[in-house]
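Undergrad: Residues 1 to 41 in the numbering used here are what the sequence shown lists, from first letter to last.
Heads up, a few of these hints could be off.
[Said to hold, decoys possible] Across the chosen pairs, the derived CB separations fall in these ranges: (1) PRO2 with PHE36: 41 to 51 Å; (2) ILE15 with LYS37: 41 to 51 Å; (3) LYS37 with SER4: 42 to 52 Å; (4) LEU33 with MET1: 37 to 47 Å.
Just so you know, these hints were derived from the structure itself, not from any lab. Cβ coordinates follow ideal geometry from the N, Cα and C atoms, glycine included.
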Amino acid sequence: MPKSLRYILIMLSVIALAAVRFFENDLFYDPYLQFFKSDYL
1 MPKSLRYILI MLSVIALAAV RFFENDLFYD PYLQFFKSDY L
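The task is simple: from the sequences and hints, build the whole structure.
TA: Below, the structure written as structure tokens:
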């Protein structure tokens, strides 16, 4: 695998991980997030 292709794939992977982290609330639904953020005791 050429070095330039490897660097491009690494950069795309980092960008994809950052995008998932940025849009995690829209992509994944977790009903317990609101439960634990509120006063549940």
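Undergrad: Run every hint past the structure and note whether it holds.
TA: Hint check results:
no. : hint                         : verdict
1   : PRO2 with PHE36: 41 to 51 Å  : holds, 47 Å
2   : ILE15 with LYS37: 41 to 51 Å : violated, 29 Å
3   : LYS37 with SER4: 42 to 52 Å  : holds, 45 Å
4   : LEU33 with MET1: 37 to 47 Å  : holds, 40 Å
The earlier numbered hint that this structure contradicts is number 2, and it is the only one.
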